[in-house]
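Visitor: Protein sequences, first through last, are from chains A and B.
For the first sequence, our numbering assigns the number 1 to the initial residue and increments by one for each residue that follows.
For the second sequence, our numbering assigns the number 1001 to the initial residue and increments by one for each residue that follows.
No wet-lab data here; the hints were simulated from the structure.
Even glycine gets a Cβ: it sits at the ideal position worked out from N, Cα and C.
Hints may be right or wrong, so weigh each one.
[Said to hold, decoys possible] Listed below are several chain B residues computed to face chain A (Cβ distance under 10 Å; list not exhaustive):
1. 1007
2. 1009
3. 1011
4. 1031
5. 1056
6. 1063
7. 1118
8. 1130
9. 1137
10. 1149
11. 1178
12. 1254
[Unchecked claim] Among the chain A residues that face chain B by a calculated CB cut under 8 Å, a handful are:
13. 14
14. 21
15. 138
16. 177
17. 181
18. 276
[What the hints assert, rightly or not] Calculated Cβ distances over 12 Å to all of chain B for the following chain A residues:
19. 4
20. 12
21. 13
22. 42
23. 159
24. 173
25. 174
26. 175
27. 281
28. 287
29. 291
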Amino acid sequence: MKQKGRYGQFGGFYVPEVLIPALEEIEAGFEQYCSTPQFLEELDTLSRTYAGRPTPLYHAKRFSEHVGFQVHVKREDLLHGGAHKVNNVLGQGLLAKYMGKKKIIAETGAGQHGLATAMAGALFGMETKIFMGSVDVARQNVNVHKMKLCGAEVISVSGGTCTLKDAINDALRYWTGHIDDTFYLFGTAGGPHPFPMIVRHFQTPIGIEARQQCFEQIGRLPDKVVACVGGGSNAIGIFSAFINDPDVELIGVEGGGKGVDTDEHCATLVKGSVGVLHGAQTYLLQDENGQIHETECISAGLDYPGVGPEHAYLKDSGRAAYTAVTDEQVLDVFELFTHSEGIIPALESSHALAWLVSQKGKLSKDTVVVVNLSGRGDKDVSIVEQHRPML
Amino acid sequence: MGIYQDLFCGLNRAALIPFFVIGDPDEETSFQLIKTAIDAGADVLELGIPFSDPVADGPTIQKADIRAMKAGMTPKKALALIKRITDYRPIPIGLLVYYNLVYQYGIERFFSAFKQVGGTSVLVADLSIDDAEEIAPAAEAAGLETVFMVTPNTTDDRIQKIAKYTTGFIYTVSLLGTTGQRSGLSDLVEPLIERLKSLTEKPICVGFGISTAKHAKDIAQAGADGVIIGSRIITFIEDNLGDTDTMKKQLKNYIQEVAKEIARP
């Protein structure tokens, strides 16, 4: 490997020897192709004409009135597939194509990355396998069906806790046996180097656009940028453009589940400790022996006991702050935001919105907060219905 | 010379190295089975501490990890069980462990505790040679030998680096994939053994996918110093849960059969 893939002490590539050549190949491919004019032009065309970039920054006035400060929403929910995940799969899918790979695999939690990868598989004409925990298959069956319609094979993973971490385990195991012809299209800015670097790279348009739009529409930088954090790809995508703006506060919101003082949450940065999982040194939810905890969260996309290593670094360096909101807060804001704006937010993104509600009365009226609405909530309607039946 | 090198030189055949997940299916049965393997002719033991997310392992060892963890096995208890084993019979013990377990215990503290209970070597499954500095000095300080993996896709340059850091043996992975039984031997393994022999004089033990006595014999004939058998052995546990006597009987027969096959004429 040419680079160490470190963010402070975090990151690295802690994988069995057999995967090292595959990671080296991706690192080299990224370096060789991703900044060439041809690649950039092809990605730019796809981003505009297939995914729907740039996405608007929308001033959510009625929601702003409710919380008492100015909320501007980065509309990643409007992208093809319904979430920011398409940014990453177009980039990595194109990279796979340039590298001559014919098959792609991916893990998925909520199904958004799985669906995005299935779309990319169809788009680039590649055989696609999606690994998904059996619990997630059950709670996100609409996305499973969509993936299959795109021609992907969905492999239900029943090991361990049957959620995202086990899907990653099985995808890594499968990759170990198929590295010659298969590209692992990693879904979040985590895992072994070079994935955190690559996923961050392909998600940076979120932040670059949002920063530009702030100047155009508001005439200044925002005071705060807020995003939900599971593995952390949408958050690093929007944070990255503001990291060197010291006056802009960066706030990541994790899944507090039934409360961070219970055992049922996935607030890794808020409650976790440092360890090594899925190729990276980072914060983890684990017991005193280093066995990884089961996590619990209403949103499958955040239900992961680790977090991307750059977030671990941003936490320890103090550049970003991380907090958590509970499932109940998330359900409240899901209803509130939909009702006040006519926009159904994904349960993942609702975590970021819920934090805004928690700041009601604490921020001045002219405070500008940019929130990354990373995905739309159509996929979550039946889950919300189960918790909050409409009478 | 190291403990392994001494042993391999003195044997009239490739070393027979069964792998067990410590505490599978429970602490006491695990001890009984390991004793059986020693009595039946195992030369070295390769032992794994169960982990919640064993990415290098196929389904058989994953299930063994889960059984052992459910029965309450922890790194501390694993060390105590190793002590019981070495008290029963001094035998070289290589530990195969995932990094997070060592990391949480404290690398130096863990290595020194493992040495104290009679351990011989450590292999961290998800730590590559690029990060060897994180464990090699601590292993040396504790008086442990180091074992690193080589796979069929490891380049010559890396093999040389791995050989440099290896003070025990090179854990040679016979195939591209995870642990688990296979019907045939990978056609990648013989060229790999040949390549290793041209690059290093460090001992070579081969594992992953070695299921039958015939596989073991072929590996031994290809020039390996040791043969590591994991998933096949664990199926004796998986197939006979609740019936320790049958587990022991099948294990004993199998080890004796392999020992006979790999004996040099």
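Visitor: All hints are to be evaluated individually against the structure, with a verdict given for each.
Guide: Against the structure, the hints come out as follows:
1. A least Cβ separation of about 24 Å between residue 1007 of chain B and chain A goes past the 10 Å threshold, and the interface hint is therefore violated.
2. A hinted interface residue such as residue 1009 of chain B counts as satisfied when its beta carbon comes closer than 10 Å to some beta carbon of chain A; here the least separation is about 26 Å, so the hint is violated.
3. A least Cβ separation of about 26 Å between residue 1011 of chain B and chain A goes past the 10 Å threshold, and the interface hint is therefore violated.
4. Taken as an interface hint, residue 1031 of chain B does not check out: its beta carbon lies about 20 Å from the nearest beta carbon of chain A, beyond 10 Å.
5. The interface hint given for residue 1056 of chain B holds, since its Cβ lies 4 Å from the closest Cβ of chain A, which is under the 10 Å cut-off.
6. The beta carbon of residue 1063 of chain B is positioned within 10 Å of a beta carbon in chain A (closest approach about 9 Å), and the interface hint is therefore held.
7. For residue 1118 of chain B, the interface hint is violated, since its Cβ never comes within 10 Å of a Cβ in chain A; the closest pair sits about 21 Å apart.
8. Below 10 Å, beta-carbon pairs count as interface contacts, and residue 1130 of chain B has one with chain A at about 6 Å; its hint therefore holds.
9. Interface restraint check for residue 1137 of chain B: the shortest CB-CB distance to chain A comes to about 17 Å, outside 10 Å, so the restraint is violated.
10. The criterion of a C-beta within 10 Å of any C-beta in chain A is met by residue 1149 of chain B, whose closest approach is roughly 4 Å, and the hint holds.
11. A least Cβ separation of about 5 Å between residue 1178 of chain B and chain A falls short of the 10 Å threshold, and the interface hint therefore holds.
12. Interface hint status for residue 1254 of chain B: violated, as the beta-carbon distance to the closest one in chain A is roughly 26 Å, over 10 Å.
13. Because the beta carbon of residue 14 of chain A sits about 5 Å from the nearest beta carbon in chain B, less than 8 Å, this interface hint is met.
14. Because the smallest distance between the Cβ of residue 21 of chain A and any Cβ of chain B comes to about 5 Å, under 8 Å, the interface hint for this residue holds.
15. Interface hint status for residue 138 of chain A: violated, as the beta-carbon distance to the closest one in chain B is roughly 21 Å, over 8 Å.
16. For residue 177 of chain A, the suggested interface contact is upheld, since its CB lies about 4 Å from the closest CB of chain B, less than 8 Å.
17. Checking residue 181 of chain A against chain B by beta carbon gives a least distance of about 11 Å; that is not within 8 Å, so the hint is violated.
18. Because the closest C-beta pair between residue 276 of chain A and chain B is about 5 Å apart, less than 8 Å, the hint holds.
19. For residue 4 of chain A, the non-interface assignment is contradicted: its Cβ lies about 8 Å from the closest Cβ of chain B, within the 12 Å cut-off.
20. Its closest Cβ contact with chain B, about 7 Å, brings residue 12 of chain A to no more than 12 Å, contrary to its assignment away from the interface.
21. The beta carbon of residue 13 of chain A is not kept farther than 12 Å from every beta carbon of chain B, the shortest such distance being approximately 7 Å.
22. Against chain B, the non-interface label of residue 42 of chain A holds: every CB pair exceeds 12 Å, the least being about 30 Å.
23. Taking the minimum C-beta to C-beta distance to chain B, about 6 Å, the non-interface status of residue 159 of chain A is violated against the 12 Å cut.
24. Its beta-carbon lying about 5 Å from the closest one in chain B, residue 173 of chain A breaks the requirement of being farther than 12 Å from that chain.
25. Interface exclusion of residue 174 of chain A from chain B breaks down, the closest Cβ pair being 9 Å apart, not more than 12 Å.
26. Distance to chain B contradicts residue 175 of chain A as a non-interface residue, since its nearest Cβ pair spans about 10 Å, not more than 12 Å.
27. The Cβ of residue 281 of chain A does not lie farther than 12 Å from every Cβ of chain B; its closest approach is about 8 Å, which violates its non-interface assignment.
28. A beta-carbon of chain B comes within 12 Å of the beta-carbon of residue 287 of chain A; the shortest separation is about 9 Å.
29. The non-interface label for residue 291 of chain A is inconsistent with chain B: the shortest C-beta to C-beta separation is roughly 4 Å, within 12 Å.
Consistency note: the structure conflicts with the earlier hints numbered 1, 2, 3, 4, 7, 9, 12, 15, 17, 19, 20, 21, 23, 24, 25, 26, 27, 28 and 29.
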